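Chains L and E are the protein sequences, given in the same order.
Position 288 (the first sequence) corresponds to 314 in the numbering used here; numbering is contiguous.
Position 289 (the second sequence) corresponds to 315 in the numbering used here; numbering is contiguous.
Mixed in with the good hints there might be a few duds.
Pairs involving identical chains hold if they fit within one copy or between any two copies, as the list cannot separate such chains.
Only pairs whose alpha carbons sit at most 25 angstroms apart, straight line, appear in this in silico SDA-like list of lysine to any residue [what the hints assert, rightly or not]:
#, residue 1, residue 2
1, LYS346, PRO158
2, LYS47, ALA268
3, LYS277, GLU179
4, LYS277, ASP339
5, LYS324, ASP349
6, LYS147, GLY192
7, LYS324, HIS358
8, LYS117, TYR273
9, LYS108, THR347
10, LYS56, LYS161
11, LYS324, ASP301
Everything labelled a hint here was simulated from the structure, so no lab data went into it.
If you're wondering where the values come from, they're calculated on a predicted model, not measured in any experiment.
Protein chains: 2
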Amino acid sequence: MQRTLKVAAAQVGSVDRNADKNETVQRMVKLLEEAISQNVQLVVFPETTFTTFFPRHLFEDPAELEKYFEQGDDITNNESVKPLFDLARSKKVDIYVGYAERTDDGRGFNTCIYYSGNAGKVISKYRKVHLPGTKEPFANPDAVNQLEKRYFEPGNLGFKAFRAPGLVVDAAKKDTASTDVKETLGKGDAIMGMLICNDRRWPEAWRMYGLQGVELIMVGYNTPYNAPDLFGFRNPMTPEQAEKEAYYHHKLVMEANSYMNACFSISAARAGFDDGKYDLIGGSAIVSPNGYTIAQAKGVDDELVVAEIDLEDCRQGKEKTFDFDRHRRTEHYGLITSQTGVIEPELL
Amino acid sequence: MQRTLKVAAAQVGSVDRNADKNETVQRMVKLLEEAISQNVQLVVFPETTFTTFFPRHLFEDPAELEKYFEQGDDITNNESVKPLFDLARSKKVDIYVGYAERTDDGRGFNTCIYYSGNAGKVISKYRKVHLPGTKEPFANPDAVNQLEKRYFEPGNLGFKAFRAPGLVVDAAKKDTASTDVKETLGKGDAIMGMLICNDRRWPEAWRMYGLQGVELIMVGYNTPYNAPDLFGFRNPMTPEQAEKEAYYHHKLVMEANSYMNACFSISAARAGFDDGKYDLIGGSAIVSPNGYTIAQAKGVDDELVVAEIDLEDCRQGKEKTFDFDRHRRTEHYGLITSQTGVIEPELL
Numbered sequence: 027m028q029r030t031l032k033v034a035a036a037q038v039g040s041v042d043r044n045a046d047k048n049e050t051v052q053r054m055v056k057l058l059e060e061a062i063s064q065n066v067q068l069v070v071f072p073e074t075t076f077t078t079f080f081p082r083h084l085f086e087d088p089a090e091l092e093k094y095f096e097q098g099d100d101i102t103n104n105e106s107v108k109p110l111f112d113l114a115r116s117k118k119v120d121i122y123v124g125y126a127e128r129t130d131d132g133r134g135f136n137t138c139i140y141y142s143g144n145a146g147k148v149i150s151k152y153r154k155v156h157l158p159g160t161k162e163p164f165a166n167p168d169a170v171n172q173l174e175k176r177y178f179e180p181g182n183l184g185f186k187a188f189r190a191p192g193l194v195v196d197a198a199k200k201d202t203a204s205t206d207v208k209e210t211l212g213k214g215d216a217i218m219g220m221l222i223c224n225d226r227r228w229p230e231a232w233r234m235y236g237l238q239g240v241e242l243i244m245v246g247y248n249t250p251y252n253a254p255d256l257f258g259f260r261n262p263m264t265p266e267q268a269e270k271e272a273y274y275h276h277k278l279v280m281e282a283n284s285y286m287n288a289c290f291s292i293s294a295a296r297a298g299f300d301d302g303k304y305d306l307i308g309g310s311a312i313v314s315p316n317g318y319t320i321a322q323a324k325g326v327d328d329e330l331v332v333a334e335i336d337l338e339d340c341r342q343g344k345e346k347t348f349d350f351d352r353h354r355r356t357e358h359y360g361l362i363t364s365q366t367g368v369i370e371p372e373l374l
Numbered sequence: 027m028q029r030t031l032k033v034a035a036a037q038v039g040s041v042d043r044n045a046d047k048n049e050t051v052q053r054m055v056k057l058l059e060e061a062i063s064q065n066v067q068l069v070v071f072p073e074t075t076f077t078t079f080f081p082r083h084l085f086e087d088p089a090e091l092e093k094y095f096e097q098g099d100d101i102t103n104n105e106s107v108k109p110l111f112d113l114a115r116s117k118k119v120d121i122y123v124g125y126a127e128r129t130d131d132g133r134g135f136n137t138c139i140y141y142s143g144n145a146g147k148v149i150s151k152y153r154k155v156h157l158p159g160t161k162e163p164f165a166n167p168d169a170v171n172q173l174e175k176r177y178f179e180p181g182n183l184g185f186k187a188f189r190a191p192g193l194v195v196d197a198a199k200k201d202t203a204s205t206d207v208k209e210t211l212g213k214g215d216a217i218m219g220m221l222i223c224n225d226r227r228w229p230e231a232w233r234m235y236g237l238q239g240v241e242l243i244m245v246g247y248n249t250p251y252n253a254p255d256l257f258g259f260r261n262p263m264t265p266e267q268a269e270k271e272a273y274y275h276h277k278l279v280m281e282a283n284s285y286m287n288a289c290f291s292i293s294a295a296r297a298g299f300d301d302g303k304y305d306l307i308g309g310s311a312i313v314s315p316n317g318y319t320i321a322q323a324k325g326v327d328d329e330l331v332v333a334e335i336d337l338e339d340c341r342q343g344k345e346k347t348f349d350f351d352r353h354r355r356t357e358h359y360g361l362i363t364s365q366t367g368v369i370e371p372e373l374l
């Protein structure tokens, strides 16, 4: 039995601070059209795709900051971004897309949604749990800030896996009325999970989805390099070294966490050179449950990375090496949930 | 300030089923002497180093099985293995070594100990938590078994980080009587943790140590390839592919988990071609907290892999990207400790 799916990461290149949102959305529409022409069923867009990665700037004026947020609990009918969702619905293609969310009651989150073209609506929302950076700007005026903790609250929706309706049609599922997990896992529609950027470096985030039988994890990201104070902690690196290392760590965590949870992953970069000043890595990729990168972006511009995947490839890992039921020993994992920070080991 | 340490992985090549244990220990002594001649302070030996990797065999005769176990709660004075510990004590070098443990009250564990040459005694013991394989032998008579779940109980000591006395002498520590974690972490003797083989594929195991501020994780392993039923689950591989993949996954999990916990790691293989029939990978390695392999074994025979490391290199990761206190959100990690196996996500 095969459970194949054609998927894509839609990498989006440079988006300047004063970019026109309608133009950015048109670039995304163009990528989506290209995906549709290739019969892709699911397209993953980056983190905060509609604007530049604004948490690198300190905004003193609240009104200026607000321009980077998408307003409301449901953004799919917001004028400037609507064309993307309309196209997805009309062509029955699914999309993951990240944006800065201003909720109806005024709260700020770094959010992504899963819009099902088949269902014609948002079927899952995720808010970034692991916000990097600081609340306060750096003292060094040349430093590039990372003010996510200033502009966003940590995500409050947890890690909820979901099935995307109609994404994998499987006759076997429809024939059974079983509600036994062992019977229904690995059948039917894909089991999916969403993360955003820095989350991908946190094995807890992946494992939360792994424990829900996830077959495909989607991650949008903005990953800077070559910025004062970003990488100059102890061993200052050249821009070339910093770039190489940022790519290396991205690939490492995507491959290892996909392997250790026996799931596919799709990562999509907001890449390129923003404002002629800020460098972001590309490296959008599709990774197999065996931990290999099977497709990868070539550059840092707008680019579609496509692969046909078979969810059945998750089965070997889930039933052998990473059969959680047989191998995990939760009685020894206590600190992971009882303790946020580091406790010192008992001194001898 | 530097906190440097010269460390080694002592890879041990082929050990046949009927190998003389005294001869095997002499090979280990020779590796330890080589390390001492290079002023190495800590040597990591493999998993179950004193014998062949016997869980691949089904033993019908309990007396035959028992020959592969080291008897007693403290093995350092057992006649055949004593020369190794005597040398470590006399030369004040520390060792990690793995063996099959038969406790005083008759229980079986896959165990490793940390013997402090400085203290002249065992200062920490770890028993493998993530036992791979099955209790029952494979039906296929040509299959190579993995009967760890038959011969061992899951480890019952948890993941307890410890400081090795005298391993890093640091004046700053001695000047302070502070018991504040923030004051004493990153100073004084190295904070260490031990894992065994398959544990290295489980991010929970690494994180338990990470949450204790670990700076160096040691892992002994036996990793087979090219054995019927071991890798032939769905996409049968050639022996060459299986070998390549086993190395790839080993390197991937050592690098990624070291990076995600901002610690060094040392892994030591029982490698080579046992009984002219069973292939085991080499790949013993030392990995930096930044996730790079900085030294690696060249072959599959007895081989010492040496590096000088500076524990200060852990600081950047622990204080920035992986500052657990600032970034972890335990309120969203519940399933990791509440749930052993997979639960199905809520159906839409």
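Status of each hint after checking the structure:
no. : hint              : result
1   : LYS346 <-> PRO158 : between (35 angstroms within a copy, 9 angstroms between copies)
2   : LYS47 <-> ALA268  : neither (30 angstroms within a copy, 49 angstroms between copies)
3   : LYS277 <-> GLU179 : neither (27 angstroms within a copy, 36 angstroms between copies)
4   : LYS277 <-> ASP339 : both (20 angstroms within a copy, 21 angstroms between copies)
5   : LYS324 <-> ASP349 : neither (35 angstroms within a copy, 32 angstroms between copies)
6   : LYS147 <-> GLY192 : within (13 angstroms within a copy, 62 angstroms between copies)
7   : LYS324 <-> HIS358 : neither (43 angstroms within a copy, 35 angstroms between copies)
8   : LYS117 <-> TYR273 : neither (34 angstroms within a copy, 43 angstroms between copies)
9   : LYS108 <-> THR347 : neither (44 angstroms within a copy, 35 angstroms between copies)
10  : LYS56 <-> LYS161  : neither (36 angstroms within a copy, 55 angstroms between copies)
11  : LYS324 <-> ASP301 : within (22 angstroms within a copy, 47 angstroms between copies)
Checked against the numbered hints above, the structure breaks hints 2, 3, 5, 7, 8, 9, 10 and satisfies the rest.
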